[in-house]
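2 protein chains.
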Amino acid sequence: MTAAQLDHRTGDVLVTLLDVDGQPLRDRDVLVEQRSHAFSFGNIGFDFVPVANEETASDLAGLWFDVFNTATLPFYWSDFEPQRGRPDTKRLHRAAEWFTRHGCRVKGHPLLWHTLAPDWLREMPTDEVEATVRARIRREVAHFADVMHTWDAINEAVIMPVFANEQHPNAITRLARERGRIAIVRLAFEEARAANPAATLVLNDFDMSTAYECLIEGVLEAGIKIDALGLQSHMHQGYWGEEKTLAILERFSRYGLPIHMTETTLLSGHLMPPEIDDLNDYQIPSWPSTPEGEERQADEIVRHYRTLLSHPSVQAITYWGLTDDGAWLGAPCGLVRADGTPKPGYDALRRLVKEEWWLPPTTLRTDDAGRVAVRGFLGDYQLSCAGRTASLTIGGPGEAVTTLEKGTR
Amino acid sequence: MTAAQLDHRTGDVLVTLLDVDGQPLRDRDVLVEQRSHAFSFGNIGFDFVPVANEETASDLAGLWFDVFNTATLPFYWSDFEPQRGRPDTKRLHRAAEWFTRHGCRVKGHPLLWHTLAPDWLREMPTDEVEATVRARIRREVAHFADVMHTWDAINEAVIMPVFANEQHPNAITRLARERGRIAIVRLAFEEARAANPAATLVLNDFDMSTAYECLIEGVLEAGIKIDALGLQSHMHQGYWGEEKTLAILERFSRYGLPIHMTETTLLSGHLMPPEIDDLNDYQIPSWPSTPEGEERQADEIVRHYRTLLSHPSVQAITYWGLTDDGAWLGAPCGLVRADGTPKPGYDALRRLVKEEWWLPPTTLRTDDAGRVAVRGFLGDYQLSCAGRTASLTIGGPGEAVTTLEKGTR
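Chains A and B are the protein sequences, given in the same order. The opening position of the first sequence corresponds to residue 1 in the working numbering, with each subsequent residue numbered one higher. The opening position of the second sequence corresponds to residue 1 in the working numbering, with each subsequent residue numbered one higher.
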């Protein structure tokens, strides 16, 4: 990746350092240390819900926090509220607080989805399904407004009204079929927006075809405010490659909306056969991670993350799982083996996030007006000078002048 | 096909026959003869444009008119107006008149399409492309308002903005990409509607995936009035079969709009390999019609037409070509061989349209109030009694009372 390709990920800030009495700190050493990325390097935090609730322990938290800064927490309705009226709010809220205390952003997934809709919804008349869906969305977004600033408002609306891969038809598909896709997208965004106007609400889909473009165009034409487009990218059938990835980004960036790569997986074992249509249909007893697979995965992770960061529309990437232990479909898609040891892919991603795309601790010298020019990746920094510290945010590309007082942090 | 499956295609009319002096014609023989179908059994009429203009002769007109009642005429822009400002209006209008004189309805195809856009459009700024497109649509619809009552207002809008299978990008794709799908659909319908408010305007596509559903939902949500949904069904890669056909009809009938099967082909030779994505990419020197292929085609035509007529939403079927001579892609998709002899598929379709789905000449007897109960396929009929005739339209299922005076025809 050339420097030019990452220009949109970095910023220059000319910082004037003032002493506590307001005088410029002339000709002094300043240590600049990056503290965080503005870019969301996300992963799911599902495994840490019991950890945060002190029900189990885990050795993996260190590995998680060393690379990732955004946690996706599960709000699959049938798991979250298996009995009507008894939602798992407290445990999830504690998990969100736990991630927040560790300096992470937290995202909820998903508010509305046909899969994992609760059984008790199935026999309801459609009007009651709608009312119940609306109430559930309002409830979750309101209860979590203090800790959860991003939501997948609706998941897979393209297939939602025609979803047929199930024995007993679910009520959300029925609702979507009777009301139409745009109406159901509106419903989800309307309720979530009302409950937390400040939240970032994502339209999320796995369908990368023209169908998703058509849905987006209809939704925008209908005046529904979307904050980001979520593109799933489970690559169980093989890495997309740079060309396909850039073509997809090009097509979906046409709408001028931020893009979140919401569900990214790359395998470190054999690939799922291409003829499988619904990934859920591929069920095998054992799906091992292999040495060759792990090398390939590491290489593809680096290529994929580089490609995604090269495109200015991409604001977030959520890798879908840290460990193979309990991974979706039993696939070796984790960055850590089932035994807890990191795969090469973990190390490769950490190198990108914490070394290549990270300003190393750097000592600069203020000029005779007390100024230093800091150039770094968008994110938060700490400046240390003469035993006192200050924080600095590099918020965008271009120049800015920030006057800092020592010891404000 | 059971009688029940065709109930929606037939109607009962209790007709009271009055003499010229207004007296009921009691206890008399009445001959009932079907004259036409309400259902549109269509075909393209491209080959008859030079015939209607007396530039060439053709032996095929008899075969055409014996089965089909709706002609689709070509308005491919680059052929229709190869030099800007010199459209082929007169020849096409004569062709439309010729078909009308033969008792046919006439349809224009298409008003807006990225393929076969004229070369002279290519370098225009997008605003000028839009103005030129709008003017072309207004011009054609207005000039043909007397003879052309149905138009494919826009063709293949799903792929239009992302169409890439060409060396030199066309201007319509650019317009669609910059404006968006819904805007360009609106543009086409808006201009056509303004030029002929009575026309039936069709949204036509080959994309039978959820993408087309999403587009339709967006278009309807945007308040654009669509008169019919056009579903192309070129089956060069094999007959869809009843199950897939009914599933498609089920999905697209959800919008409560009439469905036109706009481009139907079934081959009487080998099939195109399934891996071909854009049918236009399959180019072979010779594609013969074979005896086995002709038997298969005849069987599939019967099954396909039966399936389509069984679904109440379908109002029109356009078969795409009468003869193999000059057929699209050189495929043996005609109902007549290149030498002009009918294939078994022609005879099979004629049997359906003119025998199985046609009331044979039937003599009924009026009762003592001068009434006969006529049950027949929706369409126009002639009643003859005592050397005088009257016309009758069976316009819908259910009962009706129509009083006729002899000799009004």
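Heads up, a few of these hints could be off.
Each pair may be met inside one copy or between any two copies, as identical chains are not told apart.
Simulated pairs of lysine to aspartate or glutamate, DMTMM-like, Cα-Cα distance not exceeding 25 Å [stated by the list, open to error]:
no. : residue 1 : residue 2
1   : 225       : 278
2   : 354       : 12
3   : 225       : 178
4   : 244       : 275
5   : 244       : 207
6   : 244       : 166
7   : 354       : 227
8   : 90        : 243
9   : 225       : 66
10  : 244       : 277
11  : 244       : 278
12  : 244       : 119
13  : 354       : 295
I should point out that these hints are in silico values taken from the structure, not numbers from a laboratory. All values derive from a computational prediction rather than experimental measurement.
Note to self: Regarding residue 244 and residue 277, is the shortest C-alpha distance of 25 Å or less found within a copy, between copies, in both, or in neither?
What the structure shows: both (19 Å within a copy, 17 Å between copies)
- Using 25 Å as the alpha carbon limit, work out where residue 244 and residue 275 are close: within a copy, between copies, both or neither. Both ways: residue 244 and residue 275 sit 19 Å apart in one copy and 19 Å across, limit 25 Å.
Homo-oligomer pair classification [residue 166, residue 244; C-alpha up to 25 Å] | Intra 31 Å, inter 18 Å, cutoff 25 Å: inter-copy only.
| Given identical chains, is residue 225 near residue 178, meaning Cα to Cα at most 25 Å, within a copy, between copies, both, or neither? | both (22 Å within a copy, 20 Å between copies)
For residue 225 vs residue 66, is the C-alpha pair at or below 25 Å within one copy, between two copies, both, or neither?
neither (34 Å within a copy, 55 Å between copies)
Review point. Within a copy, between copies, both or neither: where do residue 354 and residue 12 come within 25 Å Cα-Cα?
Key: Within one copy only: 19 Å inside, 80 Å across.
Could you figure out if residue 354 and residue 295 sit no more than 25 Å apart (CA to CA) within one copy, between two copies, both or neither? within (20 Å within a copy, 68 Å between copies)
Q) When no copy is specified for residue 354 and residue 227, does a C-alpha distance of 25 Å or less occur within a copy, between copies, both, or neither? A) Answer is neither; intra-copy 28 Å and inter-copy 58 Å both fail.
Go through the copies and call it for residue 90 and residue 243: within, between, both or neither, with a Cα cutoff of 25 Å.
neither (44 Å within a copy, 48 Å between copies)
- Using 25 Å as the alpha carbon limit, work out where residue 244 and residue 207 are close: within a copy, between copies, both or neither. both (14 Å within a copy, 21 Å between copies)
(message) Within, between, both or neither: how does the pair residue 244, residue 278 come out at a Cα-Cα threshold of 25 Å?
(response) both (20 Å within a copy, 19 Å between copies)
Checking an output row: residue 244 and residue 119, CA cutoff 25 Å. Within, between, both or neither? neither (38 Å within a copy, 30 Å between copies)
In the structure shown, a violation is registered for the earlier hints numbered 1, 7, 8, 9, 12, in ascending order.
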